[in-house]
Amino acid sequence: MSFTVDQDVDESGSPEMRSLAFWEIVSLTSTALIAVWAVLALATTRWMLLFPVALAFSFIILSHRIRRESARELGWRTDNFLEAVRLLVLPMLGASLVMAAIGWYMGSLRFAFPEKRSGILWLPFAGIAWGLTQQYVLQAFFNRRAQMVWGRGAVSVLVVGFIFALIHLPNWWLAAATFAGGCIWAAVYQRAPNLPALGLSHGLMTWVLISTVPQSALQSLRVGFKYFG
Amino acid sequence: MVETNSVNGLKRERLAQLLIAKSVIEALFVGVVAVGFYYTAFSPHFRGWSDVADAKVVSGWAINEAAPGSAVEVQVYIDGRFAGDGLANLPRPDVFKAGRSTTELCGFRLVTPPLAAGEHEARVYAVHPSDGGSRRTLQLIGVPLRFRIAPEEAGSNQ
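Same order as they appear, the protein sequences are chains A and B. Position one of the first sequence corresponds to residue 0 (numbering that gives the first Met the number 0), numbered consecutively onward. Position one of the second sequence corresponds to residue 0 (numbering that gives the first Met the number 0), numbered consecutively onward.
Honestly, I wouldn't trust all of these hints.
[Unchecked claim] Derived pair list, reagent style DMTMM-like, types lysine to aspartate or glutamate, alpha-carbon separation capped at 20 angstroms:
hint, chain 1, residue 1, chain 2, residue 2
1, B, Lys96, B, Glu64
2, B, Lys55, B, Glu151
3, B, Lys55, B, Asp78
4, A, Lys225, B, Asp130
5, B, Lys55, B, Asp130
6, B, Lys96, B, Glu151
7, B, Lys55, B, Asp84
8, B, Lys55, B, Glu152
9, B, Lys10, A, Glu82
10, B, Lys10, A, Glu68
11, B, Lys10, A, Asp78
12, B, Lys55, B, Glu120
[To be verified] If the Cβ cut is set under 8 angstroms, some of the chain A residues that face chain B in the computed set are:
hint, residue
13, Leu19
14, Glu23
15, Ser26
16, Thr28
17, Ile33
18, Met47
19, Leu49
20, Leu61
21, Ser62
22, Trp149
23, Gly152
Simulated from the structure, these hints should not be mistaken for lab results. Fair warning: this is a prediction, and the values are worked out from it, not measured in the lab. The C-beta atom is built at its ideal place from N, Cα and C for all residues, glycine as well.
Just chain B, with the same shape it has in the complex (with noise of 0.2 angstroms):
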């Protein structure tokens, strides 16, 4: 009797290690899990900046540090909705010169589309293709940007 519970008690104790201890490498999977996709869907490479938003332009700097020498896309959002897109290629020596990038290429200007007067937002978002292209996602690049369209800009870009 007293062998037969001590080999329950055993069996019991090894359940229950068995059990904690699965839980514990799951934990484990589930972040790296977790960690893995946010790695891979919003890449911790992108660097940039929006320095421009008006009735005419919005204009900024966007490198992916992970492949410096491609272009980066980005995407213009002007009060939440999609206003244009482009890639950031264009000559900013001055973004070169404090060692921001490692190219010069790395500059974008997007044409402001014709816009009601009084206050927006403009948001530049660069684009991250993962999972073999099945997925894409935006990163905002700097700080949403406020600006003002006065009366005799409205509706118009030109």
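Okay, chain A solo, but in the shape it has when bound (with noise of 0.2 angstroms):
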């Protein structure tokens, strides 16, 4: 795996600063998993679950600021728009094939849009919107601290493939999925840093996985404790 430096992340930082960045990962994987474990799970009302989810894009907009990150910096920008496209395609078409030979193996093929006719349009919307959102998390943040710890390269790519898996457990079908899909986004953000292609990428892909995939197996893509039931 090589990796062409198109984006600048601070690798060369003290040690002081690449542990910081550690414990930064650790601070918002805990979050995530508060939210999904215990906040889904024994809050009194679903409204709770927005205080972690503003208390992460605090921490996250304030780490970035404290780095001193610009968005361009961050992958908002659209100049590599079409090179970080060129890097995707592959992959989510070959992605797409096992899950389309997962689908018509298992007999659950069902590219099929929502009956309500509203719902065509708010479909694709909704699910680049969400994958656009979880892929500032995932890469913007993830990412660039896993590189500040562990440099460009395969491990800080796994860290990432690691992390989105380790939130959608114990759905064993969309962790293994998330780590894939983990793996090839962080690996493309190293090369081509740019989150709309990525958002792009995600939504689609999420709708691939829906539309083939048994669902009984997806569980409505239920992770942590909301999963069981």
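Quick one: dock chain against chain with the hints and give me the complex.
Encoded structure:
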């Protein structure tokens, strides 16, 4: 795996800064786990989920500010959109074929839009918006912090994939898919950091996943404690 | 060089403060969620007592101070097995006069199922629905009551 230098991540920081980046990763992972394992299961109202979400985004944004990371460095840019798309096309095609083969073998192919006509417009928009949000957290925060700790390359890519999968446990199908997807997206981000392209890819791949893999395996994409019912 | 070190030092300090602040806020939030869940799922407002347990009946009284107008649903377990349920809505003037309840209608009296001769233990629980009825928890009323069934009473509650 080779990586071109197309982004500015401060890898040459002091051991203390690398250590802090590691603890930032641990801290945000714990927030995500608290949200899906404790808040979703125990909260008296779903609105309480907004608190860890707000806390996580406040933490991420403050961390960007303290480390003086610009929007362009994070991947909010357009100049490398086509380069990112070019890198994403083959893995996405490959993953789509694998999922379609699983769906065909298990008789669960269902490429269909929602019954309500309004849902046809809503589904891709919501999928891409949700994908973009997840990719922002995954790449602009986790990937960049992982690169500060372990440098560019396979280790930081695997760490991003592992964290993404960990948050989707105990849904094993989803964890496997997110580990593979997380690694691919992390590798692409390290070569061409472009969040819109990754968000688009995330939204499309989620649609392919829910249209192919058996619903009984996906459990309505439930994760954490809610996976059990 | 000195300026760079000082900027990095400031960054380190601010990041460390941010991590500590987030951890404290998160710990408090998890505490609130846990206490909120316990308060909702295991209401602290049940009061009551199991007075009698024998070969014929299990009786006592139970109220929910958070909903004094509604009868508490109770379940009885004998030797750890479900043995019956009912509402605590029978007259208990003694409880009312003692000021333990705002209504006289707080007593329960459940028929003891046929049991083998020997020692048994009865536990009465108040049933508490929460989370829109998707969750029901049991809370012990009073203390477990131990009682003995004589050989002539065994297998019958008549």
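Hint by hint, here is what the structure shows:
1. Lys96/B <-> Glu64/B: Holds. Lys96/B to Glu64/B sits at ~16 angstroms (cutoff 20 angstroms).
2. Lys55/B <-> Glu151/B: holds (13 angstroms)
3. Lys55/B <-> Asp78/B: Measuring from Cα to Cα gives roughly 16 angstroms; hence the hint holds.
4. Lys225/A <-> Asp130/B: Judged against 20 angstroms, a Cα distance of about 14 angstroms means the pair holds.
5. Lys55/B <-> Asp130/B: Roughly 36 angstroms separates the two Cα atoms, so the pair is violated.
6. Lys96/B <-> Glu151/B: violated (38 angstroms)
7. Lys55/B <-> Asp84/B: Distance ~15 angstroms between Lys55/B and Asp84/B Cα, so the pair holds.
8. Lys55/B <-> Glu152/B: Within the cut-off at roughly 9 angstroms; holds.
9. Lys10/B <-> Glu82/A: This hinted pair is violated, its Cα atoms lying about 33 angstroms apart.
10. Lys10/B <-> Glu68/A: holds (12 angstroms)
11. Lys10/B <-> Asp78/A: violated (30 angstroms)
12. Lys55/B <-> Glu120/B: Judged against 20 angstroms, a Cα distance of about 14 angstroms means the pair holds.
13. Leu19: Given a least distance of 5 angstroms, the restraint on Leu19/A holds.
14. Glu23: Holds. Min distance 7 angstroms.
15. Ser26: holds (6 angstroms)
16. Thr28: With a closest approach of 12 angstroms, the Thr28/A hint is violated.
17. Ile33: With a minimum Cβ separation of about 6 angstroms from chain B (threshold 8 angstroms), the hint on Ile33/A holds.
18. Met47: Holds, because the Cβ-Cβ distance from Met47/A to chain B comes to roughly 7 angstroms (cut-off 8 angstroms).
19. Leu49: Status violated, d = 11 angstroms.
20. Leu61: Nearest chain B Cβ about 6 angstroms off; hint holds.
21. Ser62: holds (7 angstroms)
22. Trp149: With a closest approach of 18 angstroms, the Trp149/A hint is violated.
23. Gly152: Gly152/A check fails; min Cβ-Cβ to chain B is 24 angstroms, beyond 8 angstroms.
Consistency note: the structure conflicts with the earlier hints numbered 5, 6, 9, 11, 16, 19, 22, 23.
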